[in-house]
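If you're matching them up, the sequences are chains A and B in order. So the first sequence is residues 5 to 267, counted in the numbering used here. So the second sequence is residues 1467 to 1716, counted in the numbering used here.
None of these hints come from the bench; they were simulated from the model. Keep in mind that a hint or two might mislead.
[What the hints assert, rightly or not] Computed Cβ-Cβ distance ranges for the label pairs, DEER-style:
hint: 1; chain 1: B; residue 1: Glu1529; chain 2: A; residue 2: Thr35; range: 47 to 57 Å
hint: 2; chain 1: B; residue 1: Ser1579; chain 2: A; residue 2: Leu151; range: 30 to 40 Å
hint: 3; chain 1: B; residue 1: Asn1561; chain 2: A; residue 2: Ile212; range: 38 to 48 Å
[Said to hold, decoys possible] Under 10 Å between C-beta atoms, here's a sample of chain B residues computed to sit facing chain A:
hint: 4; residue: Pro1470
hint: 5; residue: Val1471
hint: 6; residue: Gly1530
hint: 7; residue: Arg1547
hint: 8; residue: Pro1557
hint: 9; residue: Pro1639
hint: 10; residue: Phe1697
[Unchecked claim] To list a few chain B residues with every Cβ distance to chain A over 12 Å, as calculated:
hint: 11; residue: His1525
hint: 12; residue: Asp1542
hint: 13; residue: Asp1674
Even glycine gets a Cβ: it sits at the ideal position worked out from N, Cα and C.
Residues per chain are reported as follows:
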Amino acid sequence: MQHVTKNHWYIFFQLIKAELKAYKPMALSETIDLLVWVAVLTVINGLVLPALHVPREFLLISFSGTVASAVSFKSYPNIANLVADVHGDQTIKQRLILPIPPWMGFFAMVVSTFLITLWTALWAFPLGLPFMWQLMDFSGISLWRFLVIMLASAWFFSALPLLMTSFIPSPRLVGRVWLRFLFPLWFFGGFSFTWEKFYEAIPWLAIIDLMNPYLYMMEGARVALLGPPGNLPFWLDVSMLLVLSIICFVFGVKRLRKQIDAV
Amino acid sequence: MVEPVLEVSNLSKKFYQQKKTITALKNINLSLREGEVFGLLGTNGAGKTTLSSILATLHPPTEGEVKYCGTSIYDDLDNYRRAVGFCPQRPNLNNYLNLRDNLYFAGLFYGLSSDEAKDQVNLLADELELHEYLDHVPQSLSGGWRQRFMLARSIVHSPKILILDEPTVALDPQVRHRLWEKIRGLKAKGLTIILTTHYLEEAEVLADRVCILHRGAIKLIDKPANLKNDFKLKTLEEVFLQLTEEEVAI
């Protein structure tokens, strides 16, 4: 592997700076997009479903699932944008001829996506909280755990577009990513149930589900917001998300470079 | 004898698509002298863009060697990349940044400091008359202006070699002539320019030497005037048609 110099890091940070500057005019509208989604779900969980006597436990699981899902909110548009760029605008090609190791160009993309994802997603919890105020048991909340799981999840969902894009041969097919991949993973990820209960109900499917990255994001968020009982161990959740992030990055870069036929 | 600035030896490129092997370039040998405009000519699919992309280090060759000032470009890729400016056929400016930032960040991406990049943007805006559109986004520009900004972006880091892949394609004659003036200005500054084009008139006007590619192989390399003399024809276009008539007949 090429030796990384100070100049390489300089260019790396400029790539991130450019991405953030390009994102700045969209920051407000994209945050509003997310907030609308969070608000709708938390109003239903916090105000509508309690009136229907839905158990409090389910509502809290669903709320923490909503907060955690905010991290994954941008993964589909990120995949669509990258596919459109690789097959259309080709701004990625400018990145691939810069005097830096190729992996650094992709890594800068992941870091800027990570920062943008985190900026948007961290609003979900404070925004949803007023609607859930009466249902929450604040003694169970661990803010540092919440931050750690959000960071780990944001890493994963920033690296995922690289790998996903490498499997999509045409922008025409990008819609399938949501219906065939992201949506099933999201719902089987335990948006509205814990893995423990899933295992009690359908053990074989729950074991397969251990390969699902959404599961670790949801379980980790529940440990942080509702407390550890009934969820997978917190550090297992964090470790799995980080390992899966590395897998997505390494194989994503390898496959994308092959797809683009880059040096 | 002066050492060539860029030397390509036995270069081939194959693509593997749907279990088929497509040979885009076959045994390419050429050398570029410092400060010359080298025209790469050929019909569609002749391999011009593939060759210019390899020279820009976007794609690797399947076989062969490219040397910059006597050293393989792959031995010191960073050094070579800093010495090369690439203007691809398809404008790929960042549509989410205005044109000032497109140029500014392009400078930073090649290691310029913030002040150096700002100075370069102002200098290029003066030279290429870009001031009017600096605060616009790329999508709002016409093809000619976009191409002019692409040219500016490719030279913002003051490269020694400039690769222009069909810079005037689909532009109206007036805009094309204005871009020719800019290219002449860059040559006058001592840049070595590789100009890919399928406008024969453009090559005749701008290139010191031309290389005619046909189905991935070099047919010949010479000065446009020599070619016209040798073939006893009036224009480079006639020479080109004669050389590639087999393909035209198809």
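(request) Grab the minimum C-beta distance from Pro1557/B to chain A and call the hint holds if it beats 10 Å, violated otherwise. (result) holds (9 Å)
(message) For the restraint on Pro1470/B, tell me whether the closest CB of chain A is nearer than 10 Å.
(response) Violated: closest Cβ of chain A sits about 21 Å from Pro1470/B, beyond 10 Å.
(request) May I ask you to test the interface hint for Arg1547/B with respect to chain A, counting a Cβ-Cβ separation under 10 Å as satisfied? (result) Since chain A brings a Cβ to about 4 Å from Arg1547/B, closer than 10 Å, the hint holds.
(message) Looking only at beta-carbon atoms, does the pair Ser1579/B, Leu151/A fall within the given range of 30 to 40 Å?
(response) Since Ser1579/B and Leu151/A have Cβ atoms about 35 Å apart, the given range 30 to 40 Å holds.
(message) Interface hint check: Phe1697/B, Cβ to nearest Cβ on chain A, cutoff 10 Å. Holds or violated?
(response) With a closest approach of 36 Å, the Phe1697/B hint is violated.
(request) With 12 Å as the threshold, tell me whether Asp1674/B passes as away from chain A on beta-carbon distances. (result) The claim holds: Asp1674/B sits with its nearest Cβ about 25 Å from chain A, beyond 12 Å.
(message) Does the closest beta carbon of chain A sit nearer than 10 Å to the beta carbon of Pro1639/B?
(response) violated (27 Å)
(request) Could you say whether the range 47 to 57 Å given as a hint is met by the Cβ separation of Glu1529/B and Thr35/A? (result) holds (51 Å)
(message) For the restraint on Gly1530/B, tell me whether the closest CB of chain A is nearer than 10 Å.
(response) violated (14 Å)
(request) Hint says 38 to 48 Å; check whether the CB-CB distance for Asn1561/B and Ile212/A agrees. (result) holds (41 Å)
(request) Grab the minimum beta-carbon distance between His1525/B and chain A and tell me whether it stays above 12 Å. (result) violated (5 Å)
(request) Could you check if Val1471/B really has its C-beta closer than 10 Å to a C-beta on chain A? (result) At about 18 Å, which exceeds the 10 Å cut-off, the nearest Cβ of chain A leaves the hint on Val1471/B violated.
This entry does not satisfy hints 4, 5, 6, 9, 10, 11, 12, going by the numbered hints stated previously.
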